[in-house]
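Visitor: Read off the chains here:
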Amino acid sequence: MPNLVEIRDLQVKATTDAGNIIPIIKGVSFDIAPGEIVALIGESGSGKTTIALTLMGHTRSGCEISGGSVSLAGRDVVQMTARQRQAMRGTEVAYVPQSAAAAFNPALRLIDQVIEVARIHRTMPMPQARAKAVELFRALALPDPENIGQRYPHQVSGGQLQRLSAAMALIGDPKLVIFDEPTTALDVTTQIEVLRAFKSVMKAGGMAGVYVSHDLAVVAQIADRIVVLKGGVVQEIGPTEAILHRPAHPYTRELLSAFEPVAYARAAQPEAAARVPILEVANVIAGYGPLGPDRMPHKLVLKDVSCRLAKGSNLGVIGESGSGKSTLARAIAGLLPPASGKVLLNGELLEPAAAARSKEDLRRLQIVFQLADTALNPARPIGDILGRPLTFYHGLKGAAKQDRITQLLDMVRLPKAIAHRLPGELSGGQKQRVNLARALAANPEVILCDEITSALDTVVAAAVIELLKELQRELDLSYVFISHDLSTVQAICDEVMVMNGGETVETLRADSLPHGARHPYSQLLFASVPQLDTGWLDGVPLRVAKSA
Amino acid sequence: MAVSFPTPRRLGYHISWTGILAATIVLFWAVIAIIGPWLMPHPPGDIIDFEYFGPMTGELWFGSDYLGRDMFSRILMGARYTVGISLAAVVLACASGVVLGMTAAVTGGWFDTILSRVLDALNSIPSKLFGLVMVAAVGSSIPVLIAVLAVIYLPGAYRFARSLAVNINTMDFVTVARARGERTPYLILKEILPNMTGPVLADVGLRFVFIVLLLSGLSFLGLGVQPPNADWGSLVRENIGGLPFAAPAVTIPSLAIASLTISVNLLIDNLPVKIRDRSE
Amino acid sequence: MNSQIPRLVLGRLGVAAITLLIVSAVVFGATQMLPGDVAEILLGQAATPEAVAGLRQAMHLDQPALVQYASWLWGLAQGDLGTSYANSMPVADLIGGRLLNTLRLGAVTAALAVPLALTLGITSAMYRGTLYDRIVSTCIIGVISVPEFMIATLAVLIFAVWLKWLPALSFGNDVQSIGEMLRIFAMPVITLLCVICAQMIRMTRAAMISVLDSPYVEMALLKGASRPRMVLRHALPNAVGPIVNAVALSLSYLVGGVIIVETVFNYPGIARLMVDSVATRDLPLIQSCAMIFCIGYLVLITLADVIAILSNPRLRK
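Chains as they are written, first to last, in the UniProt record's numbering: chain Y, 1 to 548; chain V, 1 to 280; chain D, 1 to 317.
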């Protein structure tokens, strides 16, 4: 049987703002057989989305296909006229976007957008298209399939929108469906639902697919073959099982190694619990908006949360978006003063608001944010950024300050020359290290880490975790480590607190994870984390699935 | 998750030819505003030609005006009024607008609410109308003109600076500084201001154009710079009688205004861009 | 969800009312800054102390500013615009007919400008980067960069001096036929059109482009939608709010434009009346004219905001 897609020596060039032309896809070739699902995997900047879009003859603004061919069912997409491409989109190749919430037009009803392909290309009469859409909704396990189409995009949840976008892609019976990181923006418990729905409709329809992702575990569930990309070049192509178990390329091995469970092996500290905890949070209630008559904020985010952090140990806080885990960090740091409840540092009560705390209290408790891009002032050189807390807390000036900056950069394994650079000139991993160094500059006792590895590629994230552990050994730190990712939390924490809907679900010892969970929500959460095993998705019991 | 890594490349600037040309003209008028009076061949108030609305000649480069005065000298002198008054007004408007805007964004609360409400209300008075009312009430002198123009364009500068500062204020680096215990002046000067200089400068340029246009308009109505002094707008007004025969006395000041304002606008649209190459 | 709409609309109307109050305070307050005394200025040479005191009492100038403001506002609300200083006629009589003339000029201009500007703005956003777009954008930069009086004088130069098609001045009172009316209206309207359209096209184009850059329009492209379909079906419904706002904001330039245009073309409207009264410092007249313009502008902006609220799809049920 001939291949459905044949990409040969594809080259894409981008024109930068300054008019320079740089290659971003450098001679990529691979095939897709009919009915086969091929995954494009790589880190940000690998060109995976760019390649996927060329299958529709589309490039984002500023980019251009500069060479090679992309043949789809025997016709070269690159050579097509605009009209031919228009005719092909939606009927032969369809696209499932990364963020369905942004890809649905807020002004139109869902059903009209789902069946729009049939309307544009006149593939079938409208009543028939509507009936088919309802059928697809049912197949994708959407609630109330008869009527959900009558709603507007802002009236359904993110997981439902993502499935609706799949229905929108499948309505034209395409030969090939492109999935562009369709579950990346979703929480794990929603992701598992969406993945399961995608897999079943793709299998039933016998369609070929391209699945773009950075997550090997997700891809392992759905793809027949995997193309590993880096910097616009193919590193390795192979069947999923072979890539997962017998990777040939060093880069593939590197990607896989980031998935290996790193148990946080450390001598147990039985006496730790007995001592006064370094940080204690007791019955904290916090939220946003004006205070109501009961002196409680309008929108309550934290509903009575308590936790303890023993000196020298690490507490993980895990939960999905909206669970209140980041708000907890802000409440502890005094950025969002709690409406009631206590925060104790070394047994001493802290003022609720940061502005009211003493400099000494502020110094001992530092917070590090998720996105190093926004956490570092882009207009100031690294030296200034690190120097400010030194002057502010310790009154350091001149040569003493410079020496300490060099020392701090050395601690986070960065060259001292970086002190003269601006944040924009650094890579994501480097920025996160500077971000950490700024917290260290205060000589803190507790560091609140808010999702600090979530925006990093897996390999870089693993290195940052390693660094955190080393620093802990050297400087006697205690971390509160907030994350949505179980494996990161497991890699560094002694205890893990599971949060949901602003409340503590349960607190578990890290070495008992994931099977030690007793609460049904924790069990669901842990079971939903994709495993590097092709059979994982099918093996997860259906009852775990909650309605997204 | 898509996170872009800007690759550290050549850190140069790139400017288009339009930008260079526009910058040259703006610079030219700025220099004229400063040294113009020393280049004048005749005193601007002296009647030196028997003819009025005289044509361009080797002696009188831009012809003569409705009284037979040398237009070339009057244009040079007018540059000082037009550019000078507008510049003073724009600096006043933008400096106070930016300071108030940043303070409102960082402190929030009732200070922000009241200031924003009042300045928004001022903004809803059409600029030319506001100018008319103020000039009618207080009369027209150069300090009054500068103050009136600054007051008219302050709300716009405030609103622009505030919206920029509000966005920057939500960034994590400001939150980090707050968590560190920094006070408002530090937040404004060190964390927020350095991140809005580019857009604020562009806004200053844009507002400068508005002010030049409004000043010329007021002068054209006879409510701006008063005789015997004359900015370019007054020159057009004085010599409007020469319009039917397209005398240089009316076309040249018009062209002067247009060349200044168009150049500033083009310069803003073609500001040097920092070369930054994207990888995806 | 739907109960939000009346609340938002009411809120917007409340804001408009507060704004109007502040504006009236500013307009009134400006007259308090007058150096010297109105009574002295009015009496001029005949300003004996007794005459001044008498006039001050008659004009209630001896009362505190706040009381004067309140009584002025109260009069305004009842349609009493006060008496002109210059010729002792009721301001309402002076304004009456001229307001109609100005409204006529504004209405004709708006009726022509809105469809023209929307078409040009939307199409230039649709064909962004093409020669057509660049020509439109260049013309706009040219027009918005020059003062209104230059466009007016240029129009006179071209149509009246060189082509001799139209008269250089308008006299709205002695109109004999429709043809003559068209000729009188032509030059002011052409000038105003240039000014208003340039602003409106620029803002419409910007509003449209920000919507065209959204992911859902790219999604429509990837569904095989044609360019007109992407623009008309996907982008336009979401751009209604910003576009209506752009239109209302550009109409504010109508006020500035009208002031210049009526002066240049000697058009007997309220704006020229106001410019003339600035020279005589006829404050009641200036205040009334200013309030009329401000109210007109506020009504437009508030209307635009209400339309934007009603067209917001996220508030729909």
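If you're looking for bench data, these hints aren't it; they were derived computationally from the structure. Bear in mind that the values here come from a model prediction, so they are computed numbers and not experimental data. Here a beta-carbon is modelled for each residue, glycine too, at the ideal position from N, C-alpha and C. Please note: incorrect hints may appear among the correct ones.
[Stated by the list, open to error] Taking lysine-lysine pairs in the BS3-like style, the calculated list, with each CA pair at most 30 angstroms apart, reads:
no.: 1; chain 1: Y; residue 1: K26; chain 2: Y; residue 2: K230
no.: 2; chain 1: Y; residue 1: K401; chain 2: Y; residue 2: K311
no.: 3; chain 1: Y; residue 1: K132; chain 2: V; residue 2: K190
no.: 4; chain 1: Y; residue 1: K359; chain 2: V; residue 2: K190
no.: 5; chain 1: Y; residue 1: K13; chain 2: Y; residue 2: K26
no.: 6; chain 1: Y; residue 1: K132; chain 2: Y; residue 2: K26
no.: 7; chain 1: Y; residue 1: K175; chain 2: Y; residue 2: K13
no.: 8; chain 1: Y; residue 1: K175; chain 2: Y; residue 2: K199
no.: 9; chain 1: V; residue 1: K190; chain 2: Y; residue 2: K311
no.: 10; chain 1: Y; residue 1: K199; chain 2: Y; residue 2: K230
no.: 11; chain 1: Y; residue 1: K230; chain 2: Y; residue 2: K469
no.: 12; chain 1: Y; residue 1: K397; chain 2: V; residue 2: K190
[Stated by the list, open to error] Stretches of chain Y that chain V covers, calculated by requiring three or more beta carbons in the stretch to come under 8 angstroms of a beta carbon on chain V:
no.: 13; region: 75-88
no.: 14; region: 119-132
no.: 15; region: 142-156
Visitor: State for each hint whether it applies.
Guide: Structure-based check of each hint:
The straight-line distance between the Cα atoms of K26 of chain Y and K230 of chain Y is roughly 10 angstroms, inside the 30 angstroms bound, and the hint therefore holds. Between K401 of chain Y and K311 of chain Y the CA atoms are separated by roughly 29 angstroms; this keeps the pair inside 30 angstroms, and the hint holds. Only pairs whose Cα atoms come within 30 angstroms are accepted, and K132 of chain Y paired with K190 of chain V is rejected, the gap being roughly 59 angstroms. At roughly 19 angstroms between alpha-carbon atoms, K359 of chain Y and K190 of chain V fall within 30 angstroms of each other, so this suggested pair holds.
Proposed proximity of K13 of chain Y and K26 of chain Y is supported: the alpha carbons are some 9 angstroms apart, at most 30 angstroms. As the CA atoms of K132 of chain Y and K26 of chain Y are separated by approximately 41 angstroms, the hinted pair breaks the 30 angstroms bound. Using a Cα cut-off of 30 angstroms, the hinted pair K175 of chain Y and K13 of chain Y holds, with the two alpha carbons roughly 27 angstroms apart. As the CA atoms of K175 of chain Y and K199 of chain Y are separated by approximately 16 angstroms, the hinted pair is consistent with the 30 angstroms bound.
Taking the CA atoms of K190 of chain V and K311 of chain Y, the gap is near 35 angstroms; set against the 30 angstroms cutoff, the hint is violated. Taken as a hint, the K199 of chain Y and K230 of chain Y pair is honoured in the structure, with Cα atoms around 26 angstroms apart against an allowance of 30 angstroms. Restraint check for K230 of chain Y and K469 of chain Y: satisfied, since their Cα atoms lie roughly 29 angstroms apart, inside the 30 angstroms limit. For the proposed pair K397 of chain Y and K190 of chain V, the alpha carbon gap of about 17 angstroms is at most 30 angstroms, so the pair holds.
Counting residues of the region 75-88 of chain Y whose CB lies closer than 8 angstroms to any CB of chain V gives 0, which falls below the minimum of 3, so the coverage claim is violated. Counting residues of the region 119-132 of chain Y whose C-beta sits closer than 8 angstroms to any C-beta of chain V gives 0, which falls short of three, so the coverage hint is violated. Proximity of the region 142-156 of chain Y to chain V, defined as three or more residues with a beta carbon under 8 angstroms from a beta carbon of that chain, is not established by the 0 residues found.
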